[in-house]
Amino acid sequence: MENTKKNWPLWEIFVRSKNGLEHRHFGSLHAADAEMALENARDVYTRRNEGVSIWVVESKHITASNPADNGELFEPAQDKVYRHPTFYDLPDEVKHM
Amino acid sequence: MSEKEVKNLEEIFEARIARDEKIEPKDWMPEKYRQTHIRQISQHAHSEIIGMLPEGNWITRAPSLRRKAALLAKVQDEAGHGLYLYSACETLGVSRDELYEQLHSGKAKYSSIFNYPTITWADMGAIGWLVDGAAIINQVPLCNTSFGPYARAMVRVCKEESFHQRQGYEIMLTLCRGTEEQKAMAQDALNRWWWPSLMMLGPTDAESVHTEQSMKWKLKRKSNDELRQQFIDQTVPQADLLGLTIPDPDLKFNEETGHYDFGEIDWDEFWQVVKGHGPCNKERMSARVNAWNNGEWVRDAAMAYAEKNEKRKVAKAS
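Taken in order, these protein sequences are the chains called A and B.
For the first sequence, UniProt numbering begins at 1 and goes up steadily by one.
For the second sequence, UniProt numbering begins at 1 and goes up steadily by one.
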């Protein structure tokens, strides 16, 4: 078999389990095109009523953050305690706020 | 990276796992962790795919439409499990084609239980009850394993596996409540599948080469011998309920330990089958390789069709 030949690309599968909930990443699969990816996702990920809607995205179109950058991306949020309600001292008489 | 830096990263890595943190595909990981996971996850995936063959043998001959629908659904689940696992494995940077190549060339292994033949309908019962039963015992602890994509795949697999075991036990139960001949058929299936099922839980702890490292990485939570004991303890009462006899004259409940003592396992047979000399190794591999090769033109045609459509779309848009 020649190595240059094109294999079915990888797709990421997102499923909405029921209306009112967001689509959630379920896994991935290979398919020749988007239509086949949807059909395969139906068979692979929703054999037991797990979903009411499916999104498929070719994996190469996803840009992901690099865990090596987690420090500069996420650590600044850690010292911003004033973004949380518990940072503010209020008298007990103010019951619900 | 210097050796010292790698060592430092390894320590941080091991500490994360010890704290029960999950490792995700893009995180730094020791090369050995990556390789061990590729090996284990792909072996697991291959087992699901090859595992369809012994049961596929009976789909067209199932005794009723109810049994046929159930068996078909079970085999379809196994295809699904294989696919969840292959895609989890691919997140480690190995391609699906490489994984198939490893299976087809014999470089990668699959569970040796699937190298035994399925000669009567009762084998469908025994496989569901015993083989899936042993698989569940192996798999449940993996829902908490350290590599995120593997753990998530295992949660889905385990959710679906319990139907497999129940449908198998129901087949056995029906046979055991049937005619003398049907009951004898169930007993014969148990006789043939009992020992291979015990072997499925892996070599004894003394012989198992991967245990210590695998425990650390939570690829294993209990040793092979502990899992085997758990399987025996839970299965013997189920056999009693069926009125069947486990084919082991040394099997006896030990009041002191609270567990069943059991006879010697024929490990020579196990290693023979692992090394490719089981009753169906050749048949399984050739069925698998033929399916892949004979399907090549379909895969190529689908890809050509997708490319043609894509070009048309681009031409229309411009």
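By construction, these hints were calculated from the structure, which means they are not laboratory data.
Some hints here could point you the wrong way.
[Unchecked claim] Listed below are the simulated DSS-like cross-link pairs for lysine-lysine, each with C-alpha atoms no more than 27 Å apart in a straight line: (1) 311/B with 60/A; (2) 60/A with 216/B; (3) 22/B with 159/B; (4) 313/B with 60/A; (5) 60/A with 6/A; (6) 6/A with 216/B; (7) 26/B with 60/A; (8) 275/B with 252/B; (9) 107/B with 282/B; (10) 22/B with 222/B; (11) 6/A with 26/B; (12) 159/B with 252/B; (13) 80/A with 308/B; (14) 109/B with 18/A; (15) 282/B with 60/A; (16) 6/A with 159/B; (17) 60/A with 218/B; (18) 282/B with 222/B; (19) 216/B with 107/B; (20) 22/B with 7/B; (21) 109/B with 282/B; (22) 275/B with 22/B; (23) 6/A with 316/B; (24) 109/B with 4/B; (25) 6/A with 107/B; (26) 6/A with 308/B.
[Stated by the list, open to error] Far from chain A, some chain B residues (derived; all Cβ distances over 12 Å): (27) 20; (28) 24; (29) 32; (30) 53; (31) 58; (32) 60; (33) 73; (34) 90; (35) 95; (36) 107; (37) 184; (38) 192; (39) 195; (40) 252.
Just so you know, these numbers come straight off a predicted model, no measurement behind them.
Ideal Cβ positions, reconstructed from N, Cα and C, are used throughout, including at glycine.
Each hint, compared with the structure:
| no. | hint | result |
| --- | --- | --- |
| 1 | 311/B with 60/A | holds, 19 Å |
| 2 | 60/A with 216/B | violated, 33 Å |
| 3 | 22/B with 159/B | holds, 20 Å |
| 4 | 313/B with 60/A | holds, 19 Å |
| 5 | 60/A with 6/A | holds, 15 Å |
| 6 | 6/A with 216/B | violated, 39 Å |
| 7 | 26/B with 60/A | holds, 15 Å |
| 8 | 275/B with 252/B | violated, 32 Å |
| 9 | 107/B with 282/B | holds, 14 Å |
| 10 | 22/B with 222/B | holds, 19 Å |
| 11 | 6/A with 26/B | holds, 25 Å |
| 12 | 159/B with 252/B | violated, 32 Å |
| 13 | 80/A with 308/B | violated, 53 Å |
| 14 | 109/B with 18/A | violated, 39 Å |
| 15 | 282/B with 60/A | violated, 38 Å |
| 16 | 6/A with 159/B | violated, 35 Å |
| 17 | 60/A with 218/B | violated, 31 Å |
| 18 | 282/B with 222/B | violated, 32 Å |
| 19 | 216/B with 107/B | holds, 26 Å |
| 20 | 22/B with 7/B | holds, 20 Å |
| 21 | 109/B with 282/B | holds, 13 Å |
| 22 | 275/B with 22/B | violated, 34 Å |
| 23 | 6/A with 316/B | holds, 24 Å |
| 24 | 109/B with 4/B | violated, 35 Å |
| 25 | 6/A with 107/B | holds, 24 Å |
| 26 | 6/A with 308/B | holds, 14 Å |
| 27 | 20 | holds, 18 Å |
| 28 | 24 | violated, 7 Å |
| 29 | 32 | holds, 19 Å |
| 30 | 53 | holds, 19 Å |
| 31 | 58 | holds, 20 Å |
| 32 | 60 | holds, 21 Å |
| 33 | 73 | violated, 8 Å |
| 34 | 90 | violated, 7 Å |
| 35 | 95 | violated, 8 Å |
| 36 | 107 | holds, 16 Å |
| 37 | 184 | holds, 35 Å |
| 38 | 192 | holds, 30 Å |
| 39 | 195 | holds, 33 Å |
| 40 | 252 | holds, 41 Å |
When each numbered hint is compared with the structure, violations occur for hints 2, 6, 8, 12, 13, 14, 15, 16, 17, 18, 22, 24, 28, 33, 34, 35.
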